[in-house]
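Visitor: Protein chains in written order, with this note's numbering: chain A, 9 to 520; chain B, 7 to 107.
Derived from the structure by calculation, the hints contain no laboratory data. Mixed in with the good hints there might be a few duds.
[Stated by the list, open to error] With a Cα cut of at most 25 Å, we get these calculated DMTMM-like pairs of lysine to aspartate or glutamate:
1. A/K510 <-> B/D94
2. A/K510 <-> B/D54
3. A/K510 <-> B/E19
4. A/K510 <-> B/E13
5. A/K115 <-> A/D464
6. A/K403 <-> A/D464
7. A/K510 <-> B/D52
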Amino acid sequence: MQTTLGSPTQSAILWFLAIVVLTLVVTYLAARRTRSTSDYYAASRSVSPLQNGLALAGDYMSAASFLGIAGLVALRGYDGMIYATGWLVGWPALMFLIAEPLRNLGKYTFADVVAFRLRQVPVRIAAAFGGILTLLFYVLAQMVGAGNLITLMFGVPYEWAVISVGAVMLAYVLFGGMIATTWVQIIKAILLLFGVTVLTVLVLSRFDFSPGELYAAVAARYGQAALEPGGLVRDPIDAVSLGIALMFGLLGLPHILMRFYTVPDARAARTSVLYATGFIGYFYLIIPIVGFGAAALVGRDVITSVDPGGNMAAPLVAELLGGTPFLGFIAAVAFATILAVVAGLTLAGASALSHDIFTHAIRKGHASDHEQIRVARAATVAFGVLAVMLGILFKGQNVAFMVGLAFAVAASANFPALLLSIVWRRFNTAGAVCAIVTGAVLSVVLIVLSPTIWVDLLHNPTPLFPLRNPAIVSMPAGFLAGIIASLVVSEPDAEARFHDEKLRTYLGVGAE
Amino acid sequence: MKSTVREVLDSAEFQNLVMRRWRVSMVLSTLLFVLYYGYILLIAMDRDLLSRRVGPATTVGIVVAGAVIVGAWILTAIYVVWANRHYDPDVARLRARMQGD
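Okay, chain A solo, but in the shape it has when bound (with noise of 0.2 Å):
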């Protein structure tokens, strides 16, 4: 088939401005309601569950998710929906550990809980370093994948690809904080949620409606293989692995985690997870048919020869079922997709370079309402140039690993202390400390060890850990660690606190 892509079409052009009109007046009105910390980071805790529950599934669903595993289901077939079912366990997860008591325990960021009835300045320290190397993981990740997209879909050279997200999403952050980073979240996870319904009906239409045809054409294309589970899960180790990064790596999100501060209460945090395991549940449920019907009706040969990763497989289709003005749509989506992502990882950065290293780690607390925003909005700066510079940086070179990594460092460091420091009596600064730092640590050595890096960038022999995930050892590490260091080291003031705790964990006495 033809294909647009690559060339920026009027459709595409007039789409992409479309939305980041619409993004930037957003920003404009909040920019206005921004005045207060609690306005720059928590949205002066006024989102509806609903609103809440679209911002977190924005969050999540990320141009990786959206284009990649339609490439994935497009070419490998089974396999892709494997993948799928992993990225949605960790909600239910969310819910069931940590959701209410983050809520009533924290303020800004996942280390007011952690360090609630711990020693201010270690535990703040060592939170915001296992947030931050989660975080520049990710948008690392995030921002390869955007240059890469962006110059694929619209030709535009890397460079300027990437510093245009970069710059956009500053704005969003740095005028309207929480407020404005929330709205964009959710018309993102709007568009996205429309888009992708859109092409599942276009694509089920060439098939009666009927999921049954379109696998039988699939099948009928490239053998029944296709259908059944092929190379993926071949370790079982490895595999439940990776399901363990990605399930328990979401409870230790920085940015996710930072989404529950700005509902008003426990019981809005509760409907909201329900709200986004919804969202993005069906999500997951439909991208598997946009990926097997690229299949079908585009062609594994054609989607490949556009993207060796079939990362074009959605808008393929896309424009053979919808025509340009569709792929224009889509492709002006998964744009807003990877400027939303960046932008609720910028701000989560900003959060602990600002709220935990500055306020809490230097200023011991006293800080001025209007000194901290001051130092946000540096922070955001910061951290945006940073994402940037990392972006270019790493141009061309094989990050896909870089998510996993993100997902291993979070479930490894930043959930063991989070679960700990809500359920145990006898956890303490040390037990924190000792819980972040070995499973950061940790996880990133095993990833450098393992065949990811070892062998597949490294071009050593064999790997030295034999798992491509590291966090089946990592994340029980961390807890080890965290449970003797607070065994042996004792700190009578952070039990004696725990009552306290007790009371706005369970019943939100006190609660922000």
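With chain A fixed as given, assemble chain B onto it according to the hints.
Guide: Relative to chain A, chain B alone:
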């Protein structure tokens, strides 16, 4: 009668509330783990079962993958219904007691 913070914390009702919250959360988490890791291990152990067809081409695997996603959402919904019906009223009662009514 107004209760002190300490009395509420030590009360059987509060301790019972905390225990029930974690029991519900542990049962639902276990179901989630069985659902998801069971699915992953099934792929690793019994490929043939998932490759069996339930239609002209549709495989058991496709149906199961969809069921994992829907099942995960249902577990989330069960927690919300439980918390809204049972947890929140207890919290409201305990908080009222502390404020003295």
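Visitor: Among the hints numbered above, which are violated by the structure, and what are their numbers in rising order?
Guide: Per hint list: 2, 5 and 7 violated.
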